[in-house]
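Chains as they are written, first to last, in this note's numbering: chain A, 1 to 381; chain Z, 1001 to 1529.
No lab work stands behind these hints: they were computed from the structure. Please read these numbers as outputs of a predicted model, since none were measured by experiment. Ideal placement from N, C-alpha and C gives every residue a C-beta, glycine not left out. Treat the hints with caution; some may be incorrect.
[Claimed, not checked] Estimated spans, in silico, between C-beta atoms of each pair: (1) Z:R1111 x A:S35: 55 to 63 Å; (2) A:S189 x Z:R1111: 53 to 61 Å; (3) A:W232 x Z:A1313: 43 to 51 Å; (4) A:N290 x Z:E1382: 52 to 60 Å; (5) A:G364 x Z:G1066: 57 to 65 Å.
[Said to hold, decoys possible] Reference listing, derived: stretches of chain Z covered by chain A, where coverage requires no fewer than 3 residues with Cβ under 8 Å from a Cβ of chain A: (6) 1127 to 1138; (7) 1296 to 1303.
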Amino acid sequence: MMARAVIRLLSRYAVPILFVVVCTAAITVADMNLSRISTDVLERFFRNLFLVLSLVIPIVAGLGLNFGIVLGAMAGQIGLMTVQNAKVPGLGGISVAVICSIPIAMLLGWLTGLLFNRTRGREMITGIILGFFANGIYQLLFLILAGPVIPYHAKDLLLPQGMGLRVTINLTSVERGLDDVMTIPLRTSAVVQEGTPGAKVQADGSYVKVTRWGEIPMLTLLVNVALCVLIWLLFRTKLGQDLRAVGQDPGVAEVAGIKVNRCRIIAIILSMVLAGIGQIIFLQNMTVMNTFQSHEQVGFYAIAALLVGGATVTRVTIWNAIFGTLLFHALFSIISVAAQNPKLLNSPQIGEYLREFFLYAIIGTTLAIHAWRSRSAARAS
Amino acid sequence: MPTSPVLELRKIEKAYFGTRVLKGVELSLHAGEIHALLGENGAGKSTLMNVLFGMPVIRETGGFSGEVLLEGKPVSIRSPKEAMKLGIGMVHQEFMLIPGFEVHENIKLNREPLLGLPVRRVLGRSLDLLDIARMRRESRESLARIKLEVSERALVADLPVGHMQFVEIAREVDKGDVRVLVFDEPTAVLTESEAETLLGVMRDLADRGIAILFITHRLDEVMSAADTVTILRDGELVSCSRKDETSIPEIAERMVGRDVSTEARTGAGHAPSADHEPILIVEDLRVEMPGEEVRGVDFTVEKGEILGIGGLAGQGKIGIANGIMGLAPATGRVAVAGEELRLNSPKDALGRGLAFVSEDRRGVGLLLDESVEMNIAIPAIEIHGRFLRAPFLGPFAPVDRGGVRRHAKEAIADLDIRTTGPTQVVRRLSGGNQQKVCLARALVLEPRLLLVSEPTRGIDVGAKELILDRLRKLNREHGLTILMTSSELGELRSLCHRVAIISEGRIAGILTPDDPDVQYGLLMSGGTL
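Using the sequences provided together with the hints, build the complete structure.
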């Protein structure tokens, strides 16, 4: 009985457990600089968490992993371009970017929802292809129409000939506009022996070494906490209950008088809007936007992170998102450090390769496990 | 009943595409009574319920005529939601429950009590918080009312099947002013003791003044629980009587009783021709076919006979042929002419000389976008390598188009397939003609045993007669053995030498066409002779 429960727990959380093992092993073997890794992980965590959280609602509503958040990310980027064009600085700039992105994300979400309602049961593949298709339209808009038609004029935004956007845009007006409002550094200090590198002598003659573990951007933290609370609250409202019912069994929900298609569209719209805000938070931290690439893989990275946290195609909690983001980016960070370590791989390229490998391996494995489980569940009933 | 009826249905008539399925049905329900509604499949019970609940399908096909009166006042019910508002509830045969929800969430599904927050004015009702405490409290009360001892916090997926039915009932009871409650074959999935409890709960509800309409096939349950019994047959009201004034044999006879005219039956010889040599022996066949599960049947088909398989929908009769042919997962033993058949292998079944005309002719039987001639020829090409030039070329052997065409023309003439020619696409044919193509494509295999499922379902009368006649001729003139599954008892009795009646996945009994109606009725309703 006990053993079976343990096995069930292990198989349910197979992916996260594997991750913890791999990370710990890499750190121990390579004898890594923990403070550097911790700093990197914290930075990545706050950069990505919002995007990962944007995936939660559609899963609960039965739409699976929303690969369509690429479209939401585009909306976020359009907001950022607009702010960069008008040079609205700092926190104000970020607010304006968010306000600009929301109606665009809502429109895209509505259209995506309509499409998903016509391709029920195949939302994930539809979402992936939709992302590729939308990318084409995005390129058309910002390679050709930006400048002549879309009234952008800033020199650091447009290509020299005045048509089309630069391939990389430095987000000078909003860079770290959210993160840097208030940060709290994480530090520990320890009394050490004389001669330890980095140690400083104190007034009383002892030597103290201060280790930095990274910084917590308080406002970003607050925004993420607020989102978590809002999602939690949403699922305690009438709308949230309807979304859950639709996700569990659309047939029964329909019979009970719940408007299934409407619920599904609302779930996608919410996800898109959140993804747009998430992309703005992501890019204000990066400070540089790859105009035609930043959004491309947003879906894959966020989904992989969520899956690492133990979410599945049909089940998710906020904690899956939080732990998943932490673990996934810990691994990324560790891989890039380990790859440069002479004891291990001694090649940054291999690190790059391994990241990609893990990204797709996680998504592939989780989807396979899901298919296998739902088939054995269908056979059991 | 001294009281006036709560619900009255008067002169309900309904036609689907010109076929009259309800012909002036009348029904009145009184507070506090359990009213059993009986009838074979296709008798019009479901249509009547669709009318009562205002299902969209009724409106989409032109509405109905007649009157629905609730407490003496005419009402027009245009959707299930309106029916619910008027206090008419239904306990479904298949569970309308969300497995991942707790019991109280299911009971209150889409009727959740809400906490009105001041933000309601801005955000609308959909963002009101659920009043979870109240959901639990009221659910607990409803569960107590039907005496179900289950925590309202339990996950529905973890409940035993029997309890799920009760949760459904609790949900209907929870709707408060429910006045009429329809139970659609509620005991179908229950164990005997659960069924007893359920009947007890129904009696309790009735005693509290709710009128109960009880749709079932089990006559013993009718006798133990119902006050009044209404019988429908072919869309007509056959009888409505107090339980004490009727009896099981009488009900059984009325359910089935149709004039099985002699003219058709004379066509079939009564004794199996030839020498009682078994061609198909089936032992403990179990088939996992959703909705048509077979739970262990044994029977033998003798060479030269037509064995019929009858019974109500969902009892498993369809599963038998599909199981033998390897189209649905099956276990057990099947022997064809003395040799063991490999189950779950359509190829082996076909190779041993079995051919199947499926009940799902558009799904399994036909390649809809292929021509008539290819549809007829493909099984023979695949199985026997017929119609091939240079068969030694294996998969690359070219098809003998001329031969295919000649054969198709013969079949078209022989079966009177109404088509513009052998090259017409099958999708364009009418249902009856498609069925004839199915038959032709089974016959081209020159089978030892022909399995036919629902050969006349959804086709017009003319085609029906022709197909039955053709089957009869094949049997009589060519000695073809046929295993025929059909929902139409009359059809089986006119064509077959013996008829096996399936009930709850097992053979309830094997009858001859001349056995009295009452025996057929009893076997079909889960009784014994």
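Hints and how they fare:
1. Distance hint check for Z:R1111 and A:S35: the Cβ-Cβ separation is about 56 Å, which falls inside the suggested range of 55 to 63 Å.
2. For A:S189 paired with Z:R1111, a C-beta distance near 60 Å keeps the hint of 53 to 61 Å intact.
3. A:W232 and Z:A1313 have their C-beta atoms about 47 Å apart, which keeps the hinted 43 to 51 Å range intact.
4. Between A:N290 and Z:E1382 the Cβ separation comes to about 56 Å, which falls inside the hinted range of 52 to 60 Å.
5. About 59 Å separates the C-beta atoms of A:G364 and Z:G1066, a value consistent with the hinted range of 57 to 65 Å.
6. Counting residues of the segment 1127 to 1138 of chain Z whose CB falls under 8 Å from any CB of chain A gives 5; the rule of at least 3 is met.
7. Using a Cβ-Cβ cut-off of 8 Å, 0 residues of the segment 1296 to 1303 of chain Z lie near chain A, which falls short of the minimum of three, so the contact claim is violated.
Figure legend: structure checked against the earlier numbered hints; the only hint not met is number 7.
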